[in-house]
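If you read the sequences in order, they're chains W and R.
All you need for this note's numbering is the position in the first sequence, starting with 1, plus 4.
All you need for this note's numbering is the position in the second sequence, starting with 1, plus 5.
These are calculated hints, taken from the structure and not from any lab test.
No incorrect hints appear here.
Selected chain W positions facing chain R (in silico; Cβ < 7 Å): (1) Gly34; (2) Tyr35; (3) Tyr57; (4) Pro58; (5) Tyr61; (6) Glu64; (7) Arg82; (8) Arg83.
Restraint-style ranges between C-beta atoms, simulated for each label pair: (9) W:Gln79 / R:Ala779: 46 to 56 Å; (10) W:Gly78 / R:Asn7: 16 to 26 Å; (11) W:Arg80 / R:Asp56: 13 to 23 Å; (12) W:Arg80 / R:Gln105: 19 to 29 Å; (13) R:Gly848 / W:Thr93: 49 to 59 Å; (14) W:Gln79 / R:Ser889: 37 to 47 Å; (15) R:Ala110 / W:Thr93: 33 to 43 Å; (16) R:His108 / W:Gly78: 21 to 31 Å.
Values in this document were obtained by computation on a predicted structure and should not be read as measured data.
Glycine included, every Cβ here is placed at the ideal spot set by N, Cα and C.
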Amino acid sequence: MGRYDIARELKRGSTEILVLALVEERPRHGYDIARLIGERSGGAISFHVASLYPTLYRLEDRGLLEGRWVEKAGQRRRRYYRLTRAGRTVLKRQRSTWDTFFVALDRVARIRA
Amino acid sequence: MNWTDYVKTAFSGRTCPEADILEELAQHAQSAYEAARAEGATKEEALRRVDVQLTAWRDDAALLSRRPDRPTAVEPPAASGRGLGILQDLRYAARLLRRQPGHTALVVATMALGICATTILASVAYGVLLSPLPWKDADRFVKVYESREGSTNRFPPLATNFSYLAWRDAHTTVDALGAWSGSSMALTGVGDPERVRVASITPSLLPMIGARPQIGRLFAEGEELPGRPPIVLLSHGLWQQRFGGQPDVIGKTVRLDSTTYTVVGVMPKDFRFLDRDARAWVPFHIRPPRQPGSKDVSVSLFNAIARLRPGVTPEQAAAEATARGRTVTPFEPIEMAIWGSNGPVIVSTVPLLEAMTKDVRPAILVLLAAVVLLLATATGNIASLQLARGTGRRREMAIRAAIGAGVGRLMRQSFVEHLLLGALGGIAGLIAAAAIGRALPALLPADFPRIDNIGLNVRIELFALAVSMTAGLACGLGPALQARRLRLVPALVEDSLAPVGGSLRSGTARTRALIMAGQVAIACVLLVGAALLIRSFTHLINADVGYDPRNVLTARMSLPDDTYPPARRAQALAVLLDRLRATGGVQFAAASNVLAFTGTAALSSFPLETRDRGTVQVQTGARWVTPDYFSAVGQQIVQGRAFNARDTATSRPVVIVSEAFARKYLGPHPLEQTLPGDKAPRQIVGIVRDAARREVTDDPQPEMFRPWTQVELDDSDLNLIVRTAGDPRAIVPALRSIVRGEDPNLLVDSVMTLNDRISESLAQPRLYTILLAAFAAFALAIAGVGLFGVLSYSVAQRAREIGVRTALGATPFRVVTLVASQALIIVAAGLIAGVIAAAWLAGALQSLLYGVAPRDPVSFAAVAAVLLIVALVATIVPARRAASVDPVRVLR
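Isolated chain W, as found in the complex (with noise of 0.2 Å):
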């Protein structure tokens, strides 16, 4: 595996942890996620929001999140994403392994809340 595909999976990783860590505390709409991601890093981790819905989609279709429709009385309805037990067990791995590295997820993901 060359220097590029690991500064990917890196990448790639950091994507998830932060999204699962996010929906760890409750139930979020994309929305929301991409805006917390935003607000939380302080502008610290620039973070290709662009890939947010692809990164929900997946760790949907691994079900490690569930999304669901949620209609709320006069709004229009939203889709929400919850850990499953599964996103449970790989935030708290992903965090172990990522905790030498990013320093400065720390306030994104909470890894020592």
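Let chain W serve as the given structure and place chain R on it in line with the hints.
What follows is chain R alone, placed relative to chain W:
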């Protein structure tokens, strides 16, 4: 602006994502736009920011797809005040139910079916067994019947003039006695001749039950005595039909049989007395057994009731009546003929309601128990369904708990939802029950007591609603308890990718397996009941009645006394039979005063000298028959001969007896023996095969047949029996026209094939068998579908474990065994519990069974086999699914 369209435009030229994803992206775009505007950006600037997103999305277009979606969840309402909260819960529950119409319909239909069956049976049980008789002080009425110590004969519960008159003339425990007897009479004089059911009633009877005429008056005491002018009370229906409802009917006359009666009153439309087919009432004179100065003894048998004085028990009244009955000099031959014993008189008094419903009570209670089991299994099914959906709901509950809903609130929500389901099911069930209930009187056998009293009323409706709400609550119990024990983490992790583990790892799976085992047990109990009744009914229809009932037409006719004294009656009958025999297709035509399955009976008793045992008192059925009788009914002569034309009034008296008669009373060479006769001994010339006396279930009893030429034909009613080559119904018109040709005033009625008579006599057991079989089939279906559901759920839940096993080299056979063993555990547990319960409950069926024991091993084995086969079928699909689990997919 329409954001969905806006986003869609951005994808032009690329693969456009599915509508679902477009909608999600449109939501995002709109939120981003609104956020930008909120930050103070101009419209153009905000749109530009959105467009940056759209471009990025378009680059990712190929990646924007996902697996099929679950249905939209409904956002739970926010917590608020108590009263308002329940209203909100209801509204929320209604929205939830509307959101999943398929699921709601399934649950409501299942519930409705259970409630419908329960309601109908409850209305039957209430109307027939529980609701009081519609008369003042009805609970003080007792049916009076008479027997003898040592009685051996199964005889209908009737009273005799011996005890009745003795008690009537000296009673202290009761304040009124009444008696009645039904018969069918030829109604002539107004309109076409017709046979109508007429009840002879003592004048005391109608005042006793507080009945009042619609017009005219009731009978007065003394009007029943011989020599008084004949009078009649008409039913409302007969009055309308024959007199057009004219109020001047009082004083007009009708002819019943050969007597002219003057109408004294009309009873109200809703008046029904115990003989509910009665269309007219005439005074009933109970003749004393012995007239002064005459040696004749007169015996009459009839229905009698008494009204207890307040505070008197039926036992006290019975003791008094028995004591009075024993003061009368007995008449032994009659006693022997009726009861098979000349022991001391016993008069019994049974609360009237109990006496009326005695025959149907066990069946109603059994069927009621069956529908309760059915309801329980249906409720179990719903509870299981709700639990299976629990994963999604538990997540919702967890979310709601996380945002601050209390445990009580969550439980309340669950109960409100299920109460609503219960109420919907209950209302649907009640509507169905009302529709079926209206058809019920036509579906029930004609001899079913108190049919008019069956129907829905407020009590039954409230009962049904209460039952359905309770069932609803029971279904809500599981989810509610889940809410009570809600721990957020486990609630959120139970999912299809559960880690490797036992099949009944989760609480939901365990509860569902338990419910499932219960459903198998219930199906087992109901199936055993149905199997027993089916086997019993098979025995009934295949029972050897001793006749060949195929191609036999039977009819009742009356040759009234005034125009047909015995000698003329014989002549007329001879002509009729000759003409019938000459009709095409007729093989044999015969007549008798008694015929099985018609409710007719004649009994005789006489002393018989035997060679070895001294004198025995013979107790036997006795009837006269025409020569072709045995050929016509298909009763086989096993020894000697049938009657023939040479057996005349002046030839040697002869008699034919049944095998049971010969076994019981005659020596080894019966054809050499004689029976005592009025003038000369009667030579036994033939022995016939035993045949049913009154019912299919009768044991063979001694029967004696005499040629019609050697008896006085003093019964006006007789039975015609015609055996045909083809369909016996084809000769019905010929039969009617032959009788009319003989005398236009003669009436033929109750024209039925012998097969139909037998079939009609089995109407009650047939109904019970069909009902219980239907309930059992439904319970079996529920159990089968339920097992399928539980196993499928389990396979889905264990997909990962199965994947691991397959990856490690487990063969499909081993995977199938894995699933099948789970099914086996559930079914075996249910089966064992069910068999034990069935063995314990089967005793209740005893009185409904014929030719099969309540613990019939064949029935139990068959039920076990059926359940195992159903379980096997229910296992096949989940097992195949398990065997085809792709380890690569589930382990990814």
